[in-house]
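What follows is each chain in one-letter form.
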Amino acid sequence: NAGVTQTPKFQVLKTGQSMTLQCAQDMNHNSMYWYRQDPGMGLRLIYYSASEGTTDKGEVPNGYNVSRLNKREFSLRLESAAPSQTSVYFCALGKGSSYEQYFGPGTRLTVT
Amino acid sequence: GENVEQHPSTLSVQEGDSAVIKCTYSDSASNYFPWYKQELGKGPQLIIDIRSNVGEKKDQRIAVTLNKTAKHFSLHITETQPEDSAVYFCAASTAGNEKLTFGTGTRLTIIP
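Heads up: the sequence lines are chains B and A, in that order.
At position 56 of the first sequence (counting the first as 1) the number is 56 in this note's numbering, and the numbers step up by one without a gap.
Plus 112 on top of the position in the second sequence (first one is 1) and you've got this note's numbering.
Worth flagging that the hints you see were computed from the coordinates, not collected in a lab.
As the structure is a computational prediction, the values presented were derived from the model and not from experiment.
One or more of the hints may lead you astray.
[Claimed, not checked] Capping the alpha-carbon separation at 27 Å, the derived lysine-lysine pairs in BS3-like fashion look like this:
1. A:Lys154 <-> A:Lys180
2. B:Lys95 <-> A:Lys211
3. A:Lys149 <-> A:Lys169
4. A:Lys134 <-> A:Lys183
5. A:Lys211 <-> B:Lys9
6. A:Lys169 <-> B:Lys57
7. A:Lys169 <-> B:Lys95
8. A:Lys149 <-> A:Lys134
9. A:Lys180 <-> A:Lys211
10. A:Lys183 <-> A:Lys149
11. A:Lys154 <-> A:Lys169
12. B:Lys95 <-> A:Lys154
13. A:Lys211 <-> A:Lys134
14. B:Lys71 <-> A:Lys183
15. B:Lys71 <-> B:Lys95
16. A:Lys169 <-> A:Lys211
17. A:Lys183 <-> A:Lys170
18. A:Lys154 <-> B:Lys9
19. A:Lys211 <-> A:Lys149
20. B:Lys57 <-> B:Lys14
21. A:Lys169 <-> A:Lys183
22. B:Lys95 <-> A:Lys170
23. A:Lys154 <-> B:Lys14
24. B:Lys57 <-> A:Lys170
25. B:Lys9 <-> B:Lys57
26. B:Lys71 <-> B:Lys9
27. A:Lys183 <-> B:Lys14
28. B:Lys14 <-> A:Lys211
29. A:Lys154 <-> A:Lys170
30. A:Lys170 <-> A:Lys134
31. B:Lys71 <-> A:Lys154
32. B:Lys71 <-> A:Lys211
33. B:Lys95 <-> A:Lys180
34. A:Lys134 <-> A:Lys154
35. A:Lys149 <-> B:Lys9
[As the list claims (entries may be wrong)] Using C-beta positions, here's what the derived DEER-type ranges look like:
36. B:Thr5 <-> A:Leu158: 14 to 24 Å
37. B:Lys9 <-> A:Thr181: 39 to 49 Å
38. B:Thr86 <-> A:Ser124: 26 to 36 Å
Glycine included, every Cβ here is placed at the ideal spot set by N, Cα and C.
Looking at chain A on its own, in the form it has when it is part of the complex:
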């Protein structure tokens, strides 16, 4: 089955700097790669996703890049703000498969 690895497990950045979180996946048939943000005491919430037919997607300060050849994808947050502090999860799934496989999460702390 699919295996998703996520690094780093913790990340601290100064407010205003950029943060990058990386994930690798094992199943070359995976075609959908979402990123979720989880704030303390809440359920995860989708912040951005990308499908295998594109290499990059942006939404304001957030971007995701996908390298299908290397089987890795990354989350980029620019101009970080205190409200970006949370746990971030990457995930992957294949077409026709209900199962979403998650990475182990990255705790991002923005230092004021």
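Bound-form chain B, shown alone:
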């Protein structure tokens, strides 16, 4: 997972609390992505950013917001956490469509 860092690695929240998951890269790629991984569901795209200052919704955006203030960082915010958001969250980056994506080590989030 070299080149992609995610913080924190683990987090426990209570229902209604908010938090921001951070992702940073040093690979100078334009595209960055946020996925969630749930048992039996594979990886589902939450939001993506094709370039600095632009973001678009993925398959499961409800309950999340994102921010891409610069090329290096892409953050995911949960404004009011719900138990359904218990998951492992992965940040990824890439050159764009039809190219390899590089995944970070993940953040394991539990909402009680």
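Guided by the hints, dock chain A onto chain B, whose structure is given.
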């Protein structure tokens, strides 16, 4: 949108035997098909990919085949080793589309 189905969900093979994982996709415009390997506690990592202008690609013990007419592609691992034990994901995307749609994963266990 694109839908990717992956089978089987679990697979156990004797060390040294071959393993085959199959995926089907729905969007005939899809042109990029990567395979990712995810080890326990880590993010997915690309192991091989294929584009729609070729039918087969090999990299040492790993190969991927693509049948565009039938809209399916497969991962073949020969001479399996214990370190091949992991979860494998297939995915598909179309040109100009940032979104990568993943299958639900196959847990491969190599029996010593």
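- Query: Which hint numbers doesn't this structure obey?
  - Reply: Hints 1, 6, 14, 24, 27 and 28 contradicted; others consistent.
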